[in-house]
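Asks: Chain residues, written in single-letter form:
Protein chains: 2
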Amino acid sequence: MSVVASTDSRLASGLAAIQSEVDAAFDALLPVPDDTRGRLVEAMRYAAIGGGKRVRPLLLSATADLFGVDRTAAVQAGCAIEAIHVYSLIHDDLPCMDDDDLRHGKPTLHKHFDEATAVLAGDSLHALAFEILSDEAIYGDPFVRAELVATLANASGMNGMAGGQMMDMEADHAAYDLHAITRLQQLKTGALLAASVEMGAILGKVPIEGRANLRAYARDIGLAFQIADDLLDHEGDETKAGKALRKDDEQGKQTFVTLMGPDGARDQAKALVEQATARLSSFGDDAALLCDLARYIVERDR
Amino acid sequence: MSVVASTDSRLASGLAAIQSEVDAAFDALLPVPDDTRGRLVEAMRYAAIGGGKRVRPLLLSATADLFGVDRTAAVQAGCAIEAIHVYSLIHDDLPCMDDDDLRHGKPTLHKHFDEATAVLAGDSLHALAFEILSDEAIYGDPFVRAELVATLANASGMNGMAGGQMMDMEADHAAYDLHAITRLQQLKTGALLAASVEMGAILGKVPIEGRANLRAYARDIGLAFQIADDLLDHEGDETKAGKALRKDDEQGKQTFVTLMGPDGARDQAKALVEQATARLSSFGDDAALLCDLARYIVERDR
Chain Y
1 MSVVASTDSR LASGLAAIQS EVDAAFDALL PVPDDTRGRL VEAMRYAAIG
51 GGKRVRPLLL SATADLFGVD RTAAVQAGCA IEAIHVYSLI HDDLPCMDDD
101 DLRHGKPTLH KHFDEATAVL AGDSLHALAF EILSDEAIYG DPFVRAELVA
151 TLANASGMNG MAGGQMMDME ADHAAYDLHA ITRLQQLKTG ALLAASVEMG
201 AILGKVPIEG RANLRAYARD IGLAFQIADD LLDHEGDETK AGKALRKDDE
251 QGKQTFVTLM GPDGARDQAK ALVEQATARL SSFGDDAALL CDLARYIVER
301 DR
Chain S
1 MSVVASTDSR LASGLAAIQS EVDAAFDALL PVPDDTRGRL VEAMRYAAIG
51 GGKRVRPLLL SATADLFGVD RTAAVQAGCA IEAIHVYSLI HDDLPCMDDD
101 DLRHGKPTLH KHFDEATAVL AGDSLHALAF EILSDEAIYG DPFVRAELVA
151 TLANASGMNG MAGGQMMDME ADHAAYDLHA ITRLQQLKTG ALLAASVEMG
201 AILGKVPIEG RANLRAYARD IGLAFQIADD LLDHEGDETK AGKALRKDDE
251 QGKQTFVTLM GPDGARDQAK ALVEQATARL SSFGDDAALL CDLARYIVER
301 DR
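Chains as they are written, first to last, in my numbering: chain Y, 1 to 302; chain S, 1 to 302.
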């Protein structure tokens, strides 16, 4: 199903808007210098501009919209979280990691450039995320800047995405059950999705005690997202996905699909989406885009 | 020359103190979790604890001491900058980068663990640096936290260390002259050394207009540090250095030594150290440790 056919035009226009805003922001953040760093910045641009669905920036900006946050601040913070996501894809695709040749329908960074450049471009995007968040001109309140950094650093490090990636790499030696797979995915995928919502709330200056429903929504869709990813790997279309699929099956890996069966996994993902949207009922129509996004997350074909 | 013989006991005790404080802080920051992330955290500990000279944390804490900064805050910030330094060494040592087998006299991380773990451990230490700096309990003032993050992110990314590393990788295709090599090293090595001093000044709440002499000192010793590194690569002792040397010569790379000759390079390094220490004259005896450190930087044998 295409985005437009399966969801309403609100989501389609929300995605189109954030995609073009994030691309424009990365373009401005990554001018190619007139020295031998040129290759590095070209590589960063190759990975960061175009191609991505921008689910995380949309999650962030749709949350920020609930609280009337300035659009530029939300888009820049969206770029920060996307820079982390993109760097993680670059490093995950490396030969010593998942050894992937295709990403977003084009050659992976290390195939198009080389491995050393891929390592460095990933590292530079990682640093860029924190450079973006410490821009005084965009986030005047230093408390906001510091809280954004704390949230993103925690979500990406050993207690977040990188920790989940390690658990994933250890899957061969560990007989993970559903509980363990859930924990793994909460770190590997869930932490950054949750951080997207959290950063929107931080920009909205929502006090911690007011974030419970948003956090619950983020937790639910994080899990639904990964179940959908496992289903996509199991039964998706490689051309639409723009990357190699059937990798879990080939490696004999435990996933939500192997543990629950395709139908059980699909039912669980849908139930999580229903639960997630119910969490936002107090926001009424203002949360319509976040609800659309929750549904899109399980219906997407890439 | 050993540290103790070539410099006074003030420097020796300053180095010994910060080495043990940084090791203890990393030990506390990196508890091994009781799940399959254990291997990742063990790898981070392998690289971060023990072995390093801790020049950057000492630069930071000695600068912070000029302004009566709380010791815990200075040591934690020292760990943040050291986490960046250590992650960069892990990634630089990878087969696709410098392909080094030895670091601090022991096998490099990817040799002792594996390449994928080395990529992830580097990434996790990168994130850890920003987790450390956003610890509200240590840096109560959010402006200080935000300024520390901005300084470190900028020094480590494409306009700092990573950018310099890319310029270094491009050296084969580029006929660098002394001006270009100086620029390259200002980014590759100088940026993080300068950030160490800057972060000490930030902790000391020194306004930007009061940092000129400290910045000039940092610039001078950054350059001296790299000249000393090139001399060490050219004529040092591998056992003392704990890593492979003579790599620049083998690769036919342009360095300060090839461009200025060993004697010219040595004279230049010494002149820079004299200039650097003169920058600190207004601090009087309070800056004695920073002056010792400047001299140590060119006299070290590893």
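Source of the hints: derived by calculation from the structure; they are not laboratory data.
Keep in mind that a hint or two might mislead.
[Stated by the list, open to error] List of simulated lysine-lysine pairs, DSBU-like, C-alpha gap at most 35 angstroms: (1) Y/K205 x Y/K111; (2) Y/K111 x S/K106; (3) Y/K53 x Y/K270; (4) S/K247 x S/K53; (5) S/K111 x Y/K253; (6) S/K111 x Y/K247; (7) Y/K111 x Y/K247; (8) S/K240 x S/K253; (9) S/K205 x S/K106; (10) Y/K253 x Y/K240; (11) S/K111 x S/K53; (12) S/K270 x S/K247; (13) Y/K270 x Y/K240; (14) Y/K205 x S/K111; (15) S/K240 x S/K53; (16) Y/K106 x Y/K240; (17) Y/K270 x Y/K253; (18) Y/K106 x Y/K247; (19) S/K253 x Y/K111; (20) S/K111 x Y/K111; (21) S/K111 x S/K205; (22) S/K270 x S/K253; (23) S/K270 x Y/K111; (24) S/K111 x Y/K106.
The structure presented is a predicted model; accordingly, all values stated were derived computationally and were not measured.
Asks: For every hint, state whether the structure bears it out.
Replies: Here is what the structure says about each hint:
1. Y/K205 x Y/K111: Violated, at about 42 angstroms.
2. Y/K111 x S/K106: holds, 32 angstroms
3. Y/K53 x Y/K270: With a Cα-Cα distance of about 20 angstroms, the restraint between Y/K53 and Y/K270 holds, given a limit of 35 angstroms.
4. S/K247 x S/K53: holds, 21 angstroms
5. S/K111 x Y/K253: holds, 26 angstroms
6. S/K111 x Y/K247: Since the Cα atoms of S/K111 and Y/K247 sit roughly 27 angstroms apart, the hinted pair holds (cutoff 35 angstroms).
7. Y/K111 x Y/K247: Given that 35 angstroms is the threshold and the Cα spacing comes to 19 angstroms, the pair holds.
8. S/K240 x S/K253: Roughly 23 angstroms between the alpha carbons, so the hint for S/K240 and S/K253 holds.
9. S/K205 x S/K106: violated, 39 angstroms
10. Y/K253 x Y/K240: holds, 23 angstroms
11. S/K111 x S/K53: holds, 22 angstroms
12. S/K270 x S/K247: Holds. S/K270 to S/K247 sits at ~24 angstroms (cutoff 35 angstroms).
13. Y/K270 x Y/K240: Roughly 22 angstroms separates the two Cα atoms, so the pair holds.
14. Y/K205 x S/K111: Outside the cut-off at roughly 46 angstroms; violated.
15. S/K240 x S/K53: holds, 12 angstroms
16. Y/K106 x Y/K240: Holds. Y/K106 to Y/K240 sits at ~12 angstroms (cutoff 35 angstroms).
17. Y/K270 x Y/K253: holds, 23 angstroms
18. Y/K106 x Y/K247: holds, 18 angstroms
19. S/K253 x Y/K111: Holds. S/K253 to Y/K111 sits at ~26 angstroms (cutoff 35 angstroms).
20. S/K111 x Y/K111: At roughly 24 angstroms apart (the allowed maximum being 35 angstroms), Y/K111 and S/K111 satisfy the hint.
21. S/K111 x S/K205: This hinted pair is violated, its Cα atoms lying about 42 angstroms apart.
22. S/K270 x S/K253: holds, 23 angstroms
23. S/K270 x Y/K111: violated, 45 angstroms
24. S/K111 x Y/K106: holds, 32 angstroms
Violated hints for the displayed structure, listed by number in ascending order: 1, 9, 14, 21 and 23.
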